[in-house]
Amino acid sequence: MAYYRQVGEVPPKRHTQHRDGSGKLYFEELMGEEGFSSDSSLLYHRTIPSAIVGSSVWELPDQATTPNHPLRPRHLKLHELFPGDHWRNADVVTGRRLILGNSDVRLSYVVAGAPSPLYRNAVGDEVVYVESGRATVETVFGALSVQPGDYVLLPTSTTHRWVPRGQEPLRAYAIEANSHVAPPKRYLSRYGQLLEHAPYCERDLHGPAEPLLCEGTDVEVLVKHRAGGRIVGTRMVYPQHPFDVVGWDGCLYPHTFSIHDFEPITGRVHQPPPAHQVFEGANFVVCNFVPRKVDYHPLSIPVPYYHSNVDSDEIMFYCGGNYEARKGSGIGPGSVSVHPGGHSHGPQPGAYERSIGVESFDELAVMVDTFRPLELGEGALACEDPNYAWTWAGRGPVS
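Per the numbering used here, the sequence shown runs over residues 1 to 399.
Don't read these hints as lab results, they were simulated from the structure. Here the structure is a predicted model, which means the values were calculated and not measured. There could be a bad hint or two in this list.
The calculated lysine to aspartate or glutamate pairs, modelled on EDC-like cross-linking and capped at a C-alpha distance of 20 Å, are [claimed, not checked]:
{"#": "1", "residue 1": "Lys-13", "residue 2": "Asp-249"}
{"#": "2", "residue 1": "Lys-293", "residue 2": "Asp-362"}
{"#": "3", "residue 1": "Lys-13", "residue 2": "Asp-39"}
{"#": "4", "residue 1": "Lys-77", "residue 2": "Glu-363"}
{"#": "5", "residue 1": "Lys-13", "residue 2": "Glu-29"}
{"#": "6", "residue 1": "Lys-185", "residue 2": "Glu-34"}
{"#": "7", "residue 1": "Lys-327", "residue 2": "Asp-385"}
{"#": "8", "residue 1": "Lys-185", "residue 2": "Glu-33"}
{"#": "9", "residue 1": "Lys-293", "residue 2": "Glu-324"}
{"#": "10", "residue 1": "Lys-327", "residue 2": "Glu-384"}
{"#": "11", "residue 1": "Lys-77", "residue 2": "Asp-62"}
{"#": "12", "residue 1": "Lys-77", "residue 2": "Glu-378"}
{"#": "13", "residue 1": "Lys-24", "residue 2": "Glu-9"}
{"#": "14", "residue 1": "Lys-185", "residue 2": "Asp-104"}
{"#": "15", "residue 1": "Lys-24", "residue 2": "Glu-215"}
{"#": "16", "residue 1": "Lys-327", "residue 2": "Glu-359"}
{"#": "17", "residue 1": "Lys-13", "residue 2": "Glu-28"}
{"#": "18", "residue 1": "Lys-293", "residue 2": "Glu-359"}
{"#": "19", "residue 1": "Lys-77", "residue 2": "Asp-385"}
{"#": "20", "residue 1": "Lys-77", "residue 2": "Glu-324"}
{"#": "21", "residue 1": "Lys-293", "residue 2": "Glu-263"}
{"#": "22", "residue 1": "Lys-327", "residue 2": "Glu-353"}
{"#": "23", "residue 1": "Lys-327", "residue 2": "Glu-363"}
{"#": "24", "residue 1": "Lys-327", "residue 2": "Asp-362"}
{"#": "25", "residue 1": "Lys-185", "residue 2": "Glu-202"}
{"#": "26", "residue 1": "Lys-293", "residue 2": "Asp-261"}
{"#": "27", "residue 1": "Lys-185", "residue 2": "Glu-196"}
{"#": "28", "residue 1": "Lys-185", "residue 2": "Asp-39"}
{"#": "29", "residue 1": "Lys-293", "residue 2": "Glu-363"}
{"#": "30", "residue 1": "Lys-77", "residue 2": "Glu-384"}
{"#": "31", "residue 1": "Lys-77", "residue 2": "Glu-375"}
{"#": "32", "residue 1": "Lys-185", "residue 2": "Glu-263"}
{"#": "33", "residue 1": "Lys-293", "residue 2": "Glu-353"}
{"#": "34", "residue 1": "Lys-185", "residue 2": "Asp-204"}
Full structure from sequences and hints, please.
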């Protein structure tokens, strides 16, 4: 996080006595990154945060992946993964279906209508993009109100749960890192402030406003963590509800950021994908493609030039609008395109010429670029359009 925040009751000096009205001590917990060497917050609990009375295996949904071999670009139709109204009983945590993954990041999709269990990811930060629907994300730091277009950034080991609101299904695209996620370094001062040339600022980031205190005993929390070189799950049981924090302060906390608050960077000629970057993790980046004016050189070609991502896989999740470069490919809202390293890709046939003279694009997409090859999860295999790879050529594969 780029800036300090205080919510609820904290003592004037850290690591000193903090008592309630009856004189009982609160229990101070440091939640910090990179040991004691990076961003952190101090949370003040009514009860001992380490106390547990149960620990058992939580069997995760299918996490198996298959290499993209033989190599080809792919089109995944995520909206086909959750037909009918089965979503009403699904939740954002246990209902996720793995789309793509590698040793750095996993991409999942879910359509949900039910509250999730309490959950925390002890592997890395989560960035969850809300495609549609509304929810309250209840966390140990307080509650966040979430609406379409919001990213929800959840630091590693933040205990939380998702509570959908309203009748519309909650569609969420989850980016689970094996690292921490932050704004690009080039947009930050040496002290962590977002600089003037950044496409967003601290005013666009919204954290909890007040503590969230809940009562309960023998409360179960699902924990995703590492064991034996793989990602596994544990069900931990706490004697008292973990939402017992009366106050906290620091620079590490969950928050939301709306894609609609991202200010696009444009130029006379086509800007490369790093101009659209919003976050970065270890060996991957996240970019926004939003409605914007496009290239204004008199001879410009506004759609992307053909490019070979020799060091990365490019994954585009199409959230809305009209994506000019993909017209004629079958791609639309709810689609994911997989353009792997080792294959040159770019606009569909005709899009290159049609874009000349266009002054603006009305498109909305979330892109994840990874610097290690991604493999296909069970969700991808279940919703792939088998014809996409051949759309540039205009005919099917040779035998």
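Each hint tested on the structure:
no., hint, verdict
1, Lys-13 <-> Asp-249, "11 Å, holds"
2, Lys-293 <-> Asp-362, "9 Å, holds"
3, Lys-13 <-> Asp-39, "18 Å, holds"
4, Lys-77 <-> Glu-363, "18 Å, holds"
5, Lys-13 <-> Glu-29, "14 Å, holds"
6, Lys-185 <-> Glu-34, "17 Å, holds"
7, Lys-327 <-> Asp-385, "15 Å, holds"
8, Lys-185 <-> Glu-33, "17 Å, holds"
9, Lys-293 <-> Glu-324, "13 Å, holds"
10, Lys-327 <-> Glu-384, "18 Å, holds"
11, Lys-77 <-> Asp-62, "19 Å, holds"
12, Lys-77 <-> Glu-378, "13 Å, holds"
13, Lys-24 <-> Glu-9, "14 Å, holds"
14, Lys-185 <-> Asp-104, "19 Å, holds"
15, Lys-24 <-> Glu-215, "18 Å, holds"
16, Lys-327 <-> Glu-359, "17 Å, holds"
17, Lys-13 <-> Glu-28, "12 Å, holds"
18, Lys-293 <-> Glu-359, "6 Å, holds"
19, Lys-77 <-> Asp-385, "7 Å, holds"
20, Lys-77 <-> Glu-324, "18 Å, holds"
21, Lys-293 <-> Glu-263, "11 Å, holds"
22, Lys-327 <-> Glu-353, "12 Å, holds"
23, Lys-327 <-> Glu-363, "12 Å, holds"
24, Lys-327 <-> Asp-362, "13 Å, holds"
25, Lys-185 <-> Glu-202, "15 Å, holds"
26, Lys-293 <-> Asp-261, "16 Å, holds"
27, Lys-185 <-> Glu-196, "13 Å, holds"
28, Lys-185 <-> Asp-39, "15 Å, holds"
29, Lys-293 <-> Glu-363, "11 Å, holds"
30, Lys-77 <-> Glu-384, "6 Å, holds"
31, Lys-77 <-> Glu-375, "17 Å, holds"
32, Lys-185 <-> Glu-263, "17 Å, holds"
33, Lys-293 <-> Glu-353, "18 Å, holds"
34, Lys-185 <-> Asp-204, "18 Å, holds"
When each numbered hint is compared with the structure, no violation occurs for any of them.
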